[in-house]
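Peer 1: Heads up: the sequence shown begins at 1 in the numbering used here, then just goes up one per residue.
One should not assume that every hint holds.
What the hints assert, rightly or not - DSBU-like, lysine-lysine: derived pairs with alpha carbons at most 30 Å apart:
{"#": "1", "residue 1": "LYS102", "residue 2": "LYS171"}
{"#": "2", "residue 1": "LYS248", "residue 2": "LYS141"}
{"#": "3", "residue 1": "LYS70", "residue 2": "LYS164"}
{"#": "4", "residue 1": "LYS141", "residue 2": "LYS262"}
{"#": "5", "residue 1": "LYS168", "residue 2": "LYS70"}
{"#": "6", "residue 1": "LYS262", "residue 2": "LYS90"}
{"#": "7", "residue 1": "LYS179", "residue 2": "LYS90"}
{"#": "8", "residue 1": "LYS102", "residue 2": "LYS241"}
{"#": "9", "residue 1": "LYS70", "residue 2": "LYS102"}
{"#": "10", "residue 1": "LYS164", "residue 2": "LYS241"}
{"#": "11", "residue 1": "LYS171", "residue 2": "LYS241"}
{"#": "12", "residue 1": "LYS248", "residue 2": "LYS164"}
{"#": "13", "residue 1": "LYS235", "residue 2": "LYS168"}
{"#": "14", "residue 1": "LYS262", "residue 2": "LYS102"}
{"#": "15", "residue 1": "LYS241", "residue 2": "LYS229"}
{"#": "16", "residue 1": "LYS148", "residue 2": "LYS262"}
{"#": "17", "residue 1": "LYS102", "residue 2": "LYS175"}
{"#": "18", "residue 1": "LYS70", "residue 2": "LYS120"}
{"#": "19", "residue 1": "LYS120", "residue 2": "LYS222"}
{"#": "20", "residue 1": "LYS141", "residue 2": "LYS120"}
{"#": "21", "residue 1": "LYS102", "residue 2": "LYS148"}
{"#": "22", "residue 1": "LYS248", "residue 2": "LYS235"}
{"#": "23", "residue 1": "LYS175", "residue 2": "LYS120"}
{"#": "24", "residue 1": "LYS248", "residue 2": "LYS179"}
{"#": "25", "residue 1": "LYS102", "residue 2": "LYS90"}
By construction, these hints were calculated from the structure, which means they are not laboratory data.
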Amino acid sequence: MKALPIIIGLVFILSICSSAFAMTYEDAKKIMEEKKNAYQNAYQEYVKAREQYMKSKINVNRLSAINRTKTFLTAALDRMISHIEMVSSKVENSSALSEEEKSEIISELSTTLDELNSYKSRIDSATTLSDLRNISIEMRKDWVETQKRIRGAVGLYEAVFLQKLVNKEFKLADKIDSKIAELKANGTDTSTLESLASQYRGNLTSANASLASAREQFALLKNATPEEKATIVEKMHNYIKDALDALKSAHAVLREIRSLFKTE
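Given only the sequences and the hints, what does the whole structure look like? Please build it.
Peer 2: Structure representation (structure tokens):
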């Protein structure tokens, strides 16, 4: 049964797809959970069919193996589709993204959905295990490409969300500077506070620059080749990680500032 190695590869890819988008959207998430259960049940049936076929390669078992493989591939396809729909729903209902950003992401995901949906009729009309093997190979390749699109969408969402947080913290930095100036005017030694405030603002500036770079990478995705997309998405997420690290450092400094304010 030559389809098995390819299909097992597809199982592995599907097993990590749920980690590609950590945010939840309850209705879409519920549907995805149902598809996941259907997929797991279909896989168990597929394994049974394979065992029966390997024990006795007769036509009845071959037909059973074909039908159960079809059921498995359809369930796998449904799970892919429901995952993309969950991402699309989250993007569409996001208050963090602009309408232009939403439109661009949803357009990409819609194209992906159309591509995946086209497999349904091919699975239904397949008559041999070889046909199903070829379909599973193509599905796996398409899902790898789809993951790049999803990671790009997630990256943009994270960048926009973090940008809003950074903007709020810049306003907080202004308030801190004003408070320090007030203390200094009253004769308080504010040298330590001034140093910490400078560090805090510096970390925010670093986070801001990393997020700007992340969004620049997202803009490059539109005209990138499949090979280039993997590199671009990786760079995008590295910039977001840099921004998160800078924000963590900023928050550590902020705790020190608040502690000193309490003693003044």
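Peer 1: So which of those numbered hints doesn't the model satisfy?
Peer 2: 2, 3, 4, 5, 6, 7, 9, 14, 16, 17, 23
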